[in-house]
Amino acid sequence: MIVTTQKPLDEVLDFISPYSNILIAGCDGCTQPPRGLREAKTLSQLLELGGKLRNKNFVFKVTTVVKQCDSFLAASMLKPQMDDIAAVLSLACGAGVQTIAELFPELPVFPAQNTHFIGAEEREGGILEERCVGCGDCLLAQTGGTCPVTRCTKGLLNGACGGSKNGKCELDPEKDCTWILIYERLKEQGKLEFLKEFHPPRDYQLRGWRVMT
Amino acid sequence: MSEQVTEEMVALKLNEDYCSSCSICSSLCPFEAIKRDTETGKTLLEIDKCQVCGICYSACPAKAIDIIYYDIDSLIGYLERAKQEYECDTLVIMCKGSAPDFTGIERLFGVAKFIPLSVPCVGRIPEEVFLKAIVMGIKEVYVLACDEDYCRFEKGSPITGRRILALNLLLEQLGYGKEVITLKRNSLKVKADRDLCISCGNCAFYCPYDAVKLESPGAVSFDLAFCKGCGLCVAMCPAMALELENWERECISALLSQLASEMQPPKILVFRCQWAVFPPLGEEFAPNIRAIDLPCAARVDTFHILEAFQKGIDGVLIAACSEEDCKQEKASRGAQHSVARLKERLKQIGFEDRLHFCTITPRYPEQFDKELEQFNKRIETICLKGSRE
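Listed in order, the protein sequences are those of chains A and B. Residue numbers for the first sequence, in the working numbering: 1 to 213. Residue numbers for the second sequence, in the working numbering: 1 to 389.
Some hints here could point you the wrong way.
Derived list of chain A stretches under chain B, where covered just means 3 residues or more per stretch with a C-beta under 8 angstroms from a C-beta of chain B [what the hints assert, rightly or not]:
| no. | segment |
| --- | --- |
| 1 | 28-41 |
| 2 | 44-52 |
Reference excerpt, derived from the structure (chain B facing chain A, CB under 10 angstroms, subset only) [claimed, not checked]:
| no. | residue |
| --- | --- |
| 3 | L171 |
| 4 | F226 |
| 5 | T302 |
| 6 | L306 |
| 7 | Q310 |
| 8 | Q374 |
| 9 | N376 |
Keep in mind the hints are simulated off the structure, nothing from the lab. Keep in mind that this is a model prediction, so the values were computed, not measured. All C-beta atoms in this analysis are idealised placements derived from N, C-alpha and C, irrespective of residue type, glycine included.
Let's have the full structure, built from the sequences with the hints guiding it.
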């Protein structure tokens, strides 16, 4: 899932203050926590209250899109709703915001979120952590399902380094040493020989910027 | 500080002078709050365990139990007043836990005009209240209790069933006709709008009763037999795809608008868990205060809190049960969590002091009034400050 956090309301109010009729578009796709209809409504309610303090009356139209980053879905769901709309406030990740911006080049499109990373959620603790950087050359088969590119602070492909102390990272004592996690996992699976395999430096070209479906 | 030492008023008391040590109360108490001391033979009440269901009060043959809420005198007093006010001879006694809004009553019993009597658990109504109502000229009595396995006071609903069976036989023998009292059981259930579902799994995660299952591929299924109608999933659904039967979002919004329009500033709206605050019959508020009673604090929707502010309400107070007292397992904690998150966001626009979450128990009847008074003062100060600026 794509992990986002809500931008400070003041910042959003600054974006939208020049406009009155604003479409607030949620995204039901992969943003986490879900930024669907409820979040879009809540945001409209908060912005209306915040706007009143600035003597500004907004007219919000609230909607949600299955996946904002899919230009076909976004166009078919949003186009019929765009009458009188002067600006769009998107609750999607950066990819969704850009898709909407391209669909409606004549309109200002603002992000309501800061996009952080591709992550996983531990619901009980309400914690979201980064799990994938999208390197284009997945190593998880050799590392017991734990990604060193993302989770090792130094991004080491051959670890652990000398800075690993009691299973924690020298740069952040709160953080588990990823290579120790990998070691423990491989040991459990009886695959410690994987650690003998040398991983050459990453080929950054593999990451790419365009993929054909 | 010496004031704090004075004894706090409690909702239930045992009167030793009248007690005949028959043990009916201790055998009925669902919470083991009343026990008989085997050595002294005395009946003892542990108030901290008491959930003030009133079942003991309704069953005590010696009238040795005093209760603050819905005692026989206040119930009969209410019926006498209400009979004049509503001008009808049909009485509907409903447990708050399963009572839908009044249009739901019409649907369930097919009665449009009736005297409503809403109490937390019908099991607390003694036989003599039913009989007194009949004597007063009430022709038909409808009772809406919770499903037996759904009763928040465990034994309340089964006791009601047995009591009504016996009363109907008695009334028939006395010549009042057959089945004067009609009993129906109901329990609130969640309703899902499949078209809106985004398969996020929040409902399955938050449900305290395992009533929601996630099935592949990403489909959610509700087992309504397990659903206890707390409404937590409804408040947590990011797609607003869920509703609580008879407590639909729109119904609450409509009530909220109506209350907001009849209030005087500084307007205070209280969302109350029906198990946290037992309001007196015929409760009246100051002109600036109104309350919405909900089946559980979990049904307090952040949407409605914000809507209240949008409609010009100056302060929103939420009265919930503590986690230990919550009748819906972890629902109270869920409510507290989502209110805290909303408060964080309200802080960004300077509204955080206008929202307050407190935990209340009916076992100390003065607790709610104290919280309300304090909050009222706080909102008065905020509004005064606002008007000066």
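Okay, the hints, checked on the actual structure:
Coverage of the segment 28-41 of chain A by chain B holds in this model, with 9 residues showing a Cβ closer than 8 angstroms to a Cβ of that chain against a need of three. Look at the segment 44-52 of chain A against chain B: 5 of its residues bring a Cβ nearer than 8 angstroms to a Cβ of that chain, three or more, so the hint holds. Because the closest C-beta pair between L171 of chain B and chain A is about 50 angstroms apart, greater than 10 angstroms, the hint is violated. Interface hint at F226 of chain B: violated, since its Cβ lies 20 angstroms from the closest Cβ of chain A, which is beyond the 10 angstroms cut-off.
A cut of 10 angstroms between beta carbons decides the hint on T302 of chain B: the least distance to chain A is about 6 angstroms, and the hint holds. For L306 of chain B, the interface hint holds, since its Cβ comes within 10 angstroms of a Cβ in chain A; the closest pair sits about 4 angstroms apart. Hint status for Q310 of chain B: holds, given a least beta-carbon distance of 6 angstroms to chain A, under 10 angstroms. The closest approach between the C-beta of Q374 of chain B and any C-beta of chain A is roughly 24 angstroms, which is over the 10 angstroms cut-off, so the hint fails.
This hint is violated: N376 of chain B has a C-beta 21 angstroms from the nearest C-beta of chain A, more than the 10 angstroms allowed.
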